[in-house]
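Novice: Given chain A, put chain B in place with the hints provided.
These are the residues of each chain, in order.
2 protein chains.
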Amino acid sequence: MLSSSIVAFALKPRLLPALSRTATTTKPAVVQARIANLVHRNMSTFKQENHKLLVIPGPIEVTDEVLYANATPPLGHTSPDFIPYFGDAIRLTREVVYTTTGQPFLIAGSGTLGWDQVAANLIEPGESVLLLNSGYFGDSFADCLRAYGAQVDEIRADFGKSATQAELEQALKAGKKYKAVAFTHVDTSTAVLADAKMIGETVKRLSPESLVFLDGVCSIASEEIRFDDWNIDVVIGASQKGLGAPPGLSVVIASQKALQVVESRKAPIAGFYSSWKRWLPIMKAYEAGTPAYFATPPVNLIRAYHASLTQILRSDVSLQDRFQLHKDAAQRIRQAAKDLGLKLVPTDEYNTANGLSAIYLPEGLGVADVVPRLSQKGVVITGGIHKVNKDKYFRIGHMGTTVVDKSRGDIDKVITVLKESLQEALESKKKASPLQKSTGRPTFGQSTYPRSIAPASARARL
Amino acid sequence: MLSSSIVAFALKPRLLPALSRTATTTKPAVVQARIANLVHRNMSTFKQENHKLLVIPGPIEVTDEVLYANATPPLGHTSPDFIPYFGDAIRLTREVVYTTTGQPFLIAGSGTLGWDQVAANLIEPGESVLLLNSGYFGDSFADCLRAYGAQVDEIRADFGKSATQAELEQALKAGKKYKAVAFTHVDTSTAVLADAKMIGETVKRLSPESLVFLDGVCSIASEEIRFDDWNIDVVIGASQKGLGAPPGLSVVIASQKALQVVESRKAPIAGFYSSWKRWLPIMKAYEAGTPAYFATPPVNLIRAYHASLTQILRSDVSLQDRFQLHKDAAQRIRQAAKDLGLKLVPTDEYNTANGLSAIYLPEGLGVADVVPRLSQKGVVITGGIHKVNKDKYFRIGHMGTTVVDKSRGDIDKVITVLKESLQEALESKKKASPLQKSTGRPTFGQSTYPRSIAPASARARL
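Those protein sequences? They're chains A and B, same order as listed.
Residue numbers for the first sequence follow our numbering, beginning at 1 and rising by one.
Residue numbers for the second sequence follow our numbering, beginning at 1 and rising by one.
Careful, some of the hints might be misleading.
Pairs involving identical chains hold if they fit within one copy or between any two copies, as the list cannot separate such chains.
Within a straight-line C-alpha distance of at most 30 Å, the following computed BS3-like cross-link-like pairs (lysine-lysine) qualify [stated by the list, open to error]:
1) K161 to K392
2) K52 to K284
3) K431 to K377
4) K177 to K257
5) K266 to K179
6) K173 to K257
7) K413 to K173
8) K277 to K392
9) K277 to K390
These are calculated hints, taken from the structure and not from any lab test.
Quantities reported herein were computed from a predicted structural model and do not represent experimental measurements.
Chain A on its own, in the form it takes in the complex (with noise of 0.2 Å):
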């Protein structure tokens, strides 16, 4: 057993405060877990390796202690000394998406396990499914819904946009039955962010009956989710964004009225793996502090999952917090774009994600001439994903460790490495093509259209 001053002494001042709150709510067993997985003995001496600053929309930058953590030696996944891990990441999941009756299932996956746990569990071969769609990732939820036999009814915005209320209400009246309203909270693709609480809302009151899916895998932990307030039946997400751990995690909270359609379905669940009638028990038991088995869980990475939670839940900046500070670093992104004269592929600010931005490249630039310079200078951005526009805008995430730790200057060094590449990128087109001409469109250091009075040309481009 540890000394107090030891653990005094090993943890680092940011996570005290995590055990004096904790220790008011859950068992000192569980407590105690959680003070050992912090005072490891050689934490002390680790530091990562020196690398280049990972701002892609996941996987993001971790903290040395999430990857301390997933480091450590695997235990076994019935031991005694495990099961608090997982009993605990169970309990804080809950709490990143205010929720008190929701039910977290971590599963070896990545984020896209989470759209087949949805499909196989809650949708029966033919019901139909409304889907609110804002990108690529709205595309490819839709192709999993329909690999199990969903009707899927889009409501495809344009690119940039996401749909509006009266869309939504508008789809909700037409007299067909939704078994669920599915939606991208944020497109990674597009940095689009849906309104949820007006779609969980909305969903409430035309279509009560119906299931609302979110997918959060690029909002999760970055963007406020209000689960139990909102009327969320599903939170889709992974470890590797705003959870700020590796990726290989799959995390879903289903609601209790979730879990009651799947005790109610006629057909059999459509799978084995994604089967929430194979798992529930097992995320009960451990929860409950007993093991029980199903499939290996992935034991490093719950451990580096549950330290990056303890970090995010348990430190002295409250999750409500992180929120505020994630809008203000998205605002310094947008701000350095505007500066930049360049324009953002969300079209409106109440729609643009606070996690990531999606920029239109200046005229003439493609990917390749931007992203592979920011690269040499030390900071990883990725170019669009979008199958018509891919070549047009660059993605640059702001989560985790990079917008909470201040004291690391990511985004201070994200905005002048990016003014410098695109600066050096411009000045090599203009020695190599002297004589191009403009075309019209907005060029680098050149001022935006105003968004609502943009005309049709630049338009079109969205």
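Specialist: Chain B only, in chain A's frame:
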């Protein structure tokens, strides 16, 4: 660029042959990436935490190099820095099962996801599968196949036994057309080893159209698997056993014949995340050195898996040597059990696994009397997992670095601690109930019945 002298200094001696051997068969850029992987800036100072010796049948002990790779800062999944690791991991996976044409699929998930891949891609609803069942994991494999609509016929071996060639021949000659023959190579619940070569060859002879599914989760890299030579169509594996990495990566290898079956199926593939049609272009792209996206790969775990494969396949211990080391270790454990008067669960020498032992407890002792005692002495083993007998036997894993790196002394420690713990447990029982009488079944220290002449009373216990 690192100079060769730095490389030579930083590499552990046993990894050096890897590079020269590799250099002759893969592209320079790939080799350079592999060197970069091995020459971590901080690797020389990283040592995993002191911990209990983990000798359950997976997760297992992993090396410092593997854990350190798991703690490298996440790389972007489409970044040029990451692609060679993924490409290499795919190539090296083939070598583990001696195939030149098999197609590896490396997907975030547990070993269980491999069953879903097989069932969703290769079996259409109503098709028949013959399953050779030798334990709990045979039951679960059958459950998974049935969940996808397969009609499963089982050859159910008695506890501790595997299907015989005569039984397999009889089933294949009965006139029913089987889409596939499936078996658990080593059933983790019983330590029973199936004769994979016999099964593959018998199917080829009597039912050449049938696919052969080998569940190798508990055998891959611990037992020889000759994929091409033995007529195997799918090997299902996972990262956390013989492959020597943390859990969370599903490792599956499919034959070209199996991929053809996917192409020619009539029903759509029964899933999205498990669809090989979606994953095949991704695996091919990464192997060709270009990125592609379907779902975010577990970048850290792939680096850890890559590090482990490099140690398995490019050290001065050949793969064939490794298999022999597993046999030697298994023999030592079996001899120790025999010296203690204990019986093994597998009833015959030829079908006893080499990476795992399942051993009956002495009369009068349950799992709870023994397993916690070993844990207190720093050795983590586990109890049974078969519904009938799970409290009557225990399991010890002997895989990976525990077996291959003899300087660790793991096997000695296991045997010593097992002996001490059993002695203490029996003495404790004697004190608690001094008048307890023998039932005639084997007890600690008493010579076991030769298996072939065990009386019915003893055999019934199996």
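Novice: The structure should be examined with respect to each hint, and the outcome stated for every one.
Specialist: Now for the hints, and whether the structure bears them out:
1. K161 to K392: Close inside one copy (17 Å), not across copies (62 Å); limit 30 Å.
2. K52 to K284: Between. Shortest inter-copy distance 27 Å satisfies the 30 Å Cα cut-off; intra-copy 40 Å does not.
3. K431 to K377: Answer is within; shortest intra-copy Cα gap is 21 Å, inter-copy 72 Å.
4. K177 to K257: Within. Shortest intra-copy distance 17 Å satisfies the 30 Å Cα cut-off; inter-copy 44 Å does not.
5. K266 to K179: Answer is both: 14 Å inside a copy and 28 Å across each meet the 30 Å cutoff.
6. K173 to K257: within (22 Å within a copy, 50 Å between copies)
7. K413 to K173: Classified as neither; 49 Å inside a copy, 70 Å across copies.
8. K277 to K392: So K277 and K392 pass the 30 Å test across copies only (29 Å; inside, 44 Å).
9. K277 to K390: between (40 Å within a copy, 23 Å between copies)
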